[in-house]
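**Q** Letter by letter, the chains look like this.
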Amino acid sequence: MKSATKPGPRWGRWIFGAALIGLMLFTLFPFYWAIVASLTSDAALFRDPSLWPEHLIFDHYRALFTERDFITPIRNSLVVAGTTTLFCLVVGTLAAYALARIEFRGKAPIMAFILAVTMFPQISIVSPLYLLLRSLHLIDTYPGLIMPYMTFAMPLTVWVLTGSIRQIPKDLEEAAHVDGATRRQSFTRILLPLAVPSLATTGILTFIYCWNEFLFALSFTLGPERQTVPVAIALFRGQYQVPWGEILAAAVVATAPVAAMVLVFQRRIVQGLTAGAVKG
Amino acid sequence: MAQISLEHVDKTYPNGYVAARDLSLDVADGELLVLVGPSGSGKSTVLRLMAGLERVTDGMIRIGERDVTDLPPQQRDIAMVFQNYALYPHMTVRENLGFGLSIRKQPPTVINERVNTIAASLGLDKLLDRKPAQLSGGQRQRVALGRAIVREPLAFLFDEPLSNLDAQLRVETRVELSRLHRKLGATMVYVTHDQSEALTLGDRIAVLKEGVLQQIATPMELYQRPANKFVAGFIGSPAMNFIEGVIQRAEGSAGRMGMCTFKGIDLTLDVPCDGESRGRVFLGVRPQHIEVSGDGESRPKAEVGVVEPMGNEQIVYVTLSGGDRLVALASPQELIKPGDIVSIRVRPEGVHIFEGQSGIRIEPSPRPIDS
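Chains as they are written, first to last, in our numbering: chain W, 1 to 280; chain G, 281 to 651.
Hint data in this document are derived by calculation from the structure and do not stem from the laboratory.
Errors might be hidden in some of the hints.
As the list claims (entries may be wrong) - Computed list of chain W residues with no C-beta within reach of chain G, every gap over 12 Å:
{"hint": "1", "residue": "Ser41"}
{"hint": "2", "residue": "Pro143"}
{"hint": "3", "residue": "Pro169"}
{"hint": "4", "residue": "Leu172"}
{"hint": "5", "residue": "Gln185"}
{"hint": "6", "residue": "Leu192"}
{"hint": "7", "residue": "Val196"}
{"hint": "8", "residue": "Ile247"}
{"hint": "9", "residue": "Met261"}
Claimed, not checked - One-sided and incomplete, this derived list gives chain G residues near chain W with beta-carbon spacing under 10 Å:
{"hint": "10", "residue": "Leu333"}
{"hint": "11", "residue": "Gln354"}
{"hint": "12", "residue": "Ala366"}
{"hint": "13", "residue": "Pro369"}
{"hint": "14", "residue": "Ala447"}
All values derive from a computational prediction rather than experimental measurement.
Where a beta carbon is used, it is the ideal one built from N, C-alpha and C, also for glycine.
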């Protein structure tokens, strides 16, 4: 930290600054282009697309919600990703607490198994899952998406949360026990508040994962009633034309909730809540 | 307030590590007992067993009249101050202090009153709305202390509470703790690896090594009549010198009690003993009972290695011609330089004798003159 704030040689700081700006342009350009293109008319887009458009039009956005029903996929995505995230956080926190704090036989194999589950390529389990969901009559339903999503989201949650709960000093819970707290009280009043930043981080990761998921969503839905945002966008393209403007407008709309969520929780994530708990 | 007693307590961890072996000790009501030992001696484990944070493998623990062997910590009604304070980082000082009371469903007015009283007595009243992260080390320490006191528990357990403080604050807090102990009249068990802390704080001191109780006694007793070579070497600073040798019946001493001759490589000395010849023994002498004189005339001679001036005295590290190394205390007036050849004299009244094999003290060693 100290060396980063120390004023170094001038040219060094210039190079550092230039590199930062370069990296920022590189990362932000696609977003910029998507926003600009979504505000350009189809005709202009195909004739001579400009990085500095003179006329901004909102036709594509209007079309998204009037000609197409883009509300439904957003709602579907929110329901599926939201429910999955919620389930994963609740069950994952409890599982992670057990794995991080309680001694029991077979802990290492369980951790290894959880990690192994995430290693299956999605494509390899699509067909068996499809058959399974069909026999359960869950194709084209919310549970039919939420449950498969949990197969990859839950191991991620458990793994990440186990790691972060282990980081919370055990002394704090022990102090609570000596102070008179039961295991449940020490969990809810000490551990959980301290785990909030990592819960937020994990929750956001899980949510983004589910929000962007495409393969399962495509395979396990049948029609527009249950399609999620990525699937809906992919199916915009017709037989004779690709509506780039609308696709990009949809992409911008789809990114908005995630971006908003990250901004809301960012403070929580950045906050070093455990600072000062014990002398480091 | 209550006494604590451990009866034949064993603690073996699943990996086979033995932290306590057939440990029996009593902490009297209102006593401050210090558990002292090097790292790995099991002293912290013993404290955690008392707190209920660890389960005993065998044996029984009582607090007051109650058998608490199988009770979880929350039902033992004791308070513990952790080495790193373990303050709840998401709570203010006020909430930290009141946590134990609020868990016990005390009415808010009672909690408030008690917290305010304790905070005032510890000088924390201006810090009540801060979080632990905004406090200095000493302030955190006081919050940890306050959190223990506020509940008025049966007994207090301290796990090296001063080890994170700087030297000056440590001495101040030590005095404060001593005062607190007298004021509350509470039963306290205090774990430390620092023998000077143990000597200054404890009503009695229990010395542990590898999970086995070596000696439990008052500080004076421990210092003057260490039960074995380990205790002798652990208590006192700078540490006691040990010289290996044999004990022979002195010529012409007929009675049971009498003088023996100790023969080390470099050192021959008449010492009081039970009159029996012994095989290998260790002669223990504290540095203040070794005199160093600069003439280098009389025997044994030694070469000075390092001299550490301490202001009111100097610590002199010497090597005898046979290779034995000794530490001596000399008055600051003595002019001793590294490389000097000096004469060594051991004051016989400051001598302890320990059996070579077991390290157990051989009586009667002369009663050392306290310095």
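**Q** Each of the hints needs a verdict: does it hold here or not?
**A** Evaluated hints:
{"no.": "1", "hint": "Ser41", "in the structure": "holds, 53 Å"}
{"no.": "2", "hint": "Pro143", "in the structure": "holds, 36 Å"}
{"no.": "3", "hint": "Pro169", "in the structure": "violated, 7 Å"}
{"no.": "4", "hint": "Leu172", "in the structure": "violated, 5 Å"}
{"no.": "5", "hint": "Gln185", "in the structure": "violated, 6 Å"}
{"no.": "6", "hint": "Leu192", "in the structure": "violated, 10 Å"}
{"no.": "7", "hint": "Val196", "in the structure": "violated, 8 Å"}
{"no.": "8", "hint": "Ile247", "in the structure": "holds, 45 Å"}
{"no.": "9", "hint": "Met261", "in the structure": "holds, 23 Å"}
{"no.": "10", "hint": "Leu333", "in the structure": "holds, 5 Å"}
{"no.": "11", "hint": "Gln354", "in the structure": "holds, 5 Å"}
{"no.": "12", "hint": "Ala366", "in the structure": "holds, 4 Å"}
{"no.": "13", "hint": "Pro369", "in the structure": "holds, 4 Å"}
{"no.": "14", "hint": "Ala447", "in the structure": "violated, 16 Å"}
The structure does not agree with the numbered hints 3, 4, 5, 6, 7, 14 stated previously, though it agrees with the rest.
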